[in-house]
Amino acid sequence: MNLTLFVVVLITAIVLVVAAMSIARLISPRSYNKQKGEAYECGVPTRGKSWMQFKAGYYLFAILFLMFDVETVFLYPWAVTVQDAGIDGLLNVLFFMLILILGLAYAWKKGALEWK
Amino acid sequence: MFDFATITHWVDELLRSFLPHATATLVECILIGLCLLLGYALIALVLIYAERKVCAFFQCRIGPNRVGPYGTIQSVADMIKMLTKELIDINHIDRFLFNLAPFVVIIASVLAFGCIPFAKGLHVIDFNVGIFFLIAVSSIGIVGILLAGWASNNKYSLIGAMRSGAQMISYELSIGLSILTVVVFTGSMQLSTIVEGQADGWLLFKGHIPACIAFIVYLIAGTAETNRGPFDLPEADSELTAGYHTEYSGMHFGFFYLAEYLNMFVVASVATTLFLGGWMPLHVPGWESFNQIMDYIPSIFWFFGKTGVVIFIIMWFKWTFPRLRIDQLLRLEWRYLLPLNLLNLFLMVIVVVFKLHF
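Chains A and B are the protein sequences, given in the same order.
If you read the first sequence in this note's numbering, its first letter stands for residue 1, the second for the next number, and so on.
If you read the second sequence in this note's numbering, its first letter stands for residue 1, the second for the next number, and so on.
Rather than coming from a laboratory, the hints here were simulated on the basis of the structure.
Honestly, I wouldn't trust all of these hints.
Here are some chain B residues the structure puts well away from chain A; computed CB gaps all over 12 angstroms [to be verified]:
1) Phe2
2) Leu15
3) Gly68
4) Gly121
5) Gly187
6) Asn291
Listed next, the in silico PhoX-like pairs over lysine-lysine satisfying Cα-Cα at most 20 angstroms (straight line) [as the list claims (entries may be wrong)]:
7) Lys85(B) - Lys34(A)
8) Lys36(A) - Lys155(B)
9) Lys85(B) - Lys36(A)
10) Lys49(A) - Lys85(B)
11) Lys155(B) - Lys55(A)
Heads up, the beta-carbon is just placed ideally off N, CA and C, and yes, glycines get one too.
Construct the entire structure; sequences and hints are all you get.
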């Protein structure tokens, strides 16, 4: 039943966008001007390409995010059963978290958390 | 306390009494979709009006006051204006991705919106991994924003999208970990179970110190996640014109606007559901008559009241703090919030394992 509802909500979202876009296309005015198609920047024509290589700093944070996000995902099943698992479970998870905290400490020491 | 399930059961029986099984199910699905759409649009309109009024009062202005009494129909007028604006065709864009981006952003926010328990018996999706599903779908929105920035072929858009991507993925860690702290306490990921577990006291009171830390971290991270307040540098107007939606016009832009406000609502209502007891009324153990009076207030008012307070706090952030720089933003997350969160998780586990909670 939940899966059906999920599909219903998904279709609702798509219908919302399609309906609003078609109403907008139907009633919005249209005019042509050569300047309108240009990129909205500083007034002068754009220099160079905008699809280009970008600062590597963002990529570094994305990699770090991947590591910790997967950690969070792994911790969720444990979090549900923490009351049953008790101290034994806690010790096991602590070992797992220790490795990741060491990773964070290493990244910190290497300066990966510094914005350059 | 009034249970909304009685209404839905009544509608269900009514439909099944004169329609065949499959048609009745189809009609119910359409009804659910319509109600969801109506709620979505209504909340967006109310939030846009509230934002403008709150902003005005913080700056000692009156705010919108022309359209309707106290300007209450202002956001309806805005919506009509947005629908009638021209959709400009831009030359050098990746047309497919450019048109796809609003879909992704809206789908993410509607799916997250559908997971929230609004009142007793009033929720659409109720998975047993509900809160996990909610985080998963709301993070799809990042993809939409990155697509919008990349497909626009505009340098402002690209910078805005990249900043937004870095900011949102960073703060998603904090959101995930603070929600993990709650899951450790409740032992369930189903939103309805989490709310019912708070009948004898809201989690903020039951979990005392670790729950309060998690709530504060969640509020900070949630504000950053919606690109608002002091963390609005993806669309910093003074340096990037409009960030990732610079090239979008008319209703195309409207979708990003809509999704932003709805994401704020989703963040606030998740904070309400997890920490402030969802639709549960305020109960003080021992005060029987007080508890009975509180039970008379319908659950839907409790939910929207608490969510309104959280939304007001998020708006308050925006008009109080100056905008951060990107290095300060990332430092706050990776150096302070993330270690604090891991420590807090450990604290919460100790509280739960040794039964130190109320």
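Worksheet item: Is Lys85(B) close enough to Lys36(A), meaning Cα to Cα at most 20 angstroms?
Response: 14 angstroms, holds
Worksheet entry | Pair hint outcome, Lys155(B) versus Lys55(A) [Cα-Cα no greater than 20 angstroms] | Holds, at roughly 13 angstroms.
Fill in: Nearest-CB test (12 angstroms) between chain A and Gly68(B)
22 angstroms, holds
Item to complete: Quickly compare the C-alpha distance for Lys85(B) and Lys34(A) to 20 angstroms and report which way the hint goes.
Response: Judged against 20 angstroms, a Cα distance of about 18 angstroms means the pair holds.
Item to complete: Please settle this one: Phe2(B) was flagged as non-interface, so is its CB more than 12 angstroms from every CB on chain A?
Response: Label holds. Min Cβ-Cβ 22 angstroms, cutoff 12 angstroms.
Worksheet item: Does the claim that Gly187(B) lies outside the interface with chain A hold up, using a Cβ gap greater than 12 angstroms?
Response: 5 angstroms, violated
Practice prompt. Say whether it holds or is violated: Asn291(B) keeps its Cβ farther than 12 angstroms from all Cβ of chain A.
Written response: About 27 angstroms separates Asn291(B) from the closest Cβ of chain A, which puts it past 12 angstroms; holds.
Practice prompt. With a cut-off of 20 angstroms on the C-alpha distance, tell me whether Lys36(A) and Lys155(B) pass.
Written response: 17 angstroms, holds
Worksheet item: Is Gly121(B) truly not at the interface, in the sense that its beta carbon sits beyond 12 angstroms from all beta carbons of chain A?
Response: 14 angstroms, holds
Discussion item. Does Lys85(B) sit within 20 angstroms of Lys49(A), going by the straight-line distance between their CA atoms?
Written reply: Cα-Cα ~29 angstroms, so violated.
Worksheet item: Would you say Leu15(B) is clear of chain A, with no C-beta pair closer than or equal to 12 angstroms?
Response: 15 angstroms, holds
Taken one by one, the earlier hints fail for this structure at numbers 5 and 10, listed in ascending order.
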